[in-house]
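Line order of the protein sequences matches chains A and B. Here the first sequence is numbered in this note's numbering, starting from 4 and rising by one per residue. Here the second sequence is numbered in this note's numbering, starting from 9 and rising by one per residue.
A few of these clues could be false.
What the hints assert, rightly or not - List time: in silico BS3-like cross-link candidates among lysine-lysine, alpha-carbon distance up to 30 Å:
id, chain 1, residue 1, chain 2, residue 2
1, B, Lys62, B, Lys79
2, A, Lys17, A, Lys60
3, A, Lys60, B, Lys121
4, B, Lys13, B, Lys62
5, B, Lys13, A, Lys60
6, B, Lys13, B, Lys79
7, A, Lys74, A, Lys14
8, B, Lys64, B, Lys121
9, B, Lys64, A, Lys74
10, B, Lys76, A, Lys14
11, A, Lys60, B, Lys79
Just so you know, these hints were derived from the structure itself, not from any lab.
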Amino acid sequence: DTGVSQDPRHKITKRGQNVTFRCDPISEHNRLYWYRQTLGQGPEFLTYFQNEAQLEKSRLLSDRFSAERPKGSFSTLEIQRTEQGDSAMYLCASNRDYQPQHFGDGTRLSIL
Amino acid sequence: DQQVKQNSPSLSVQEGRISILNCDYTNSMFDYFLWYKKYPAEGPTFLISISSIKDKNEDGRFTVFLNKSAKHLSLHIVPSQPGDSAVYFCAATGGINAGNMLTFGGGTRLMVKP
Chain A
4 DTGVSQDPRH KITKRGQNVT FRCDPISEHN RLYWYRQTLG QGPEFLTYFQ NEAQLEKSRL
64 LSDRFSAERP KGSFSTLEIQ RTEQGDSAMY LCASNRDYQP QHFGDGTRLS IL
Chain B
9 DQQVKQNSPS LSVQEGRISI LNCDYTNSMF DYFLWYKKYP AEGPTFLISI SSIKDKNEDG
69 RFTVFLNKSA KHLSLHIVPS QPGDSAVYFC AATGGINAGN MLTFGGGTRL MVKP
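Only chain A is shown next, with the shape it has when bound in the complex (with noise of 0.2 Å):
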């Protein structure tokens, strides 16, 4: 059984660059999260796809992130002109409709 699949592990960027991270789901999950975990903190919602369709977006995603999941299958989170703010873990999980969430190990971001 392949779980929920986060490329890359760690990403380390200098604030100002773009970065994106990739999420492959559990293959027969047609829904998909990204949450964001600051230290000490539980996990918040980010966004949610359905299949391909992004069907909610947290007031913490600004304008400068930016999420696609084209043909209902990976996904990627991109983050433009990063700040020291979005040093966080960045998590995927996928489910089927109403079953428990699976996550993936995560993306740590480190902005210099």
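Knowing the structure of chain A, use the given hints to seat chain B on it.
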């Protein structure tokens, strides 16, 4: 405004004893609750869930209790084992967000001493 709160940042118990982790919520629209376990450098792993139509759900050593009137749930681990040492997150969903976004508490770090 934190809708899901875990008021104990950490808990230490002896191996073989019971671990009780608590979680409070404020949003009365929440109707499905989950517990996740997280080891360092890994993503959260689903542990157990409960629907608001129940007040107890059991899976092996893990039992979740839900008190809807108090807006409180707890996770009991009996007996506790050293491998249970991890951060435990309570999460909730429901209402218009049912089936999609989860709202998480801040987590409780459980340490089980041999």
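Evaluated hints:
1. Using a Cα cut-off of 30 Å, the hinted pair Lys62 (chain B) and Lys79 (chain B) holds, with the two alpha carbons roughly 13 Å apart.
2. For the given pair, Lys17 (chain A) sits about 26 Å from Lys60 (chain A) by alpha-carbon distance, which is consistent with the 30 Å threshold.
3. At roughly 42 Å between alpha-carbon atoms, Lys60 (chain A) and Lys121 (chain B) are farther apart than 30 Å, so this suggested pair is violated.
4. Restraint check for Lys13 (chain B) and Lys62 (chain B): the C-alpha separation of about 21 Å stays at or below 30 Å, so the hint holds.
5. Our distance criterion of 30 Å between C-alpha atoms is met by Lys13 (chain B) and Lys60 (chain A), whose separation comes to about 23 Å.
6. For a cut-off of 30 Å, the pair hint linking Lys13 (chain B) to Lys79 (chain B) stands: about 11 Å separates their Cα positions.
7. For a cut-off of 30 Å, the pair hint linking Lys74 (chain A) to Lys14 (chain A) stands: about 26 Å separates their Cα positions.
8. Distance check on the hinted pair: Lys64 (chain B) and Lys121 (chain B) sit about 27 Å apart at the alpha-carbon level, within 30 Å; holds.
9. A threshold of 30 Å between alpha carbons decides the hint, and for Lys64 (chain B) with Lys74 (chain A) the separation of about 40 Å lies outside it, so the pair is violated.
10. Between Lys76 (chain B) and Lys14 (chain A) the alpha-carbon distance is near 42 Å, which puts this suggested pair outside the 30 Å criterion.
11. At roughly 27 Å between alpha-carbon atoms, Lys60 (chain A) and Lys79 (chain B) fall within 30 Å of each other, so this suggested pair holds.
This entry does not satisfy hints 3, 9 and 10, going by the numbered hints stated previously.
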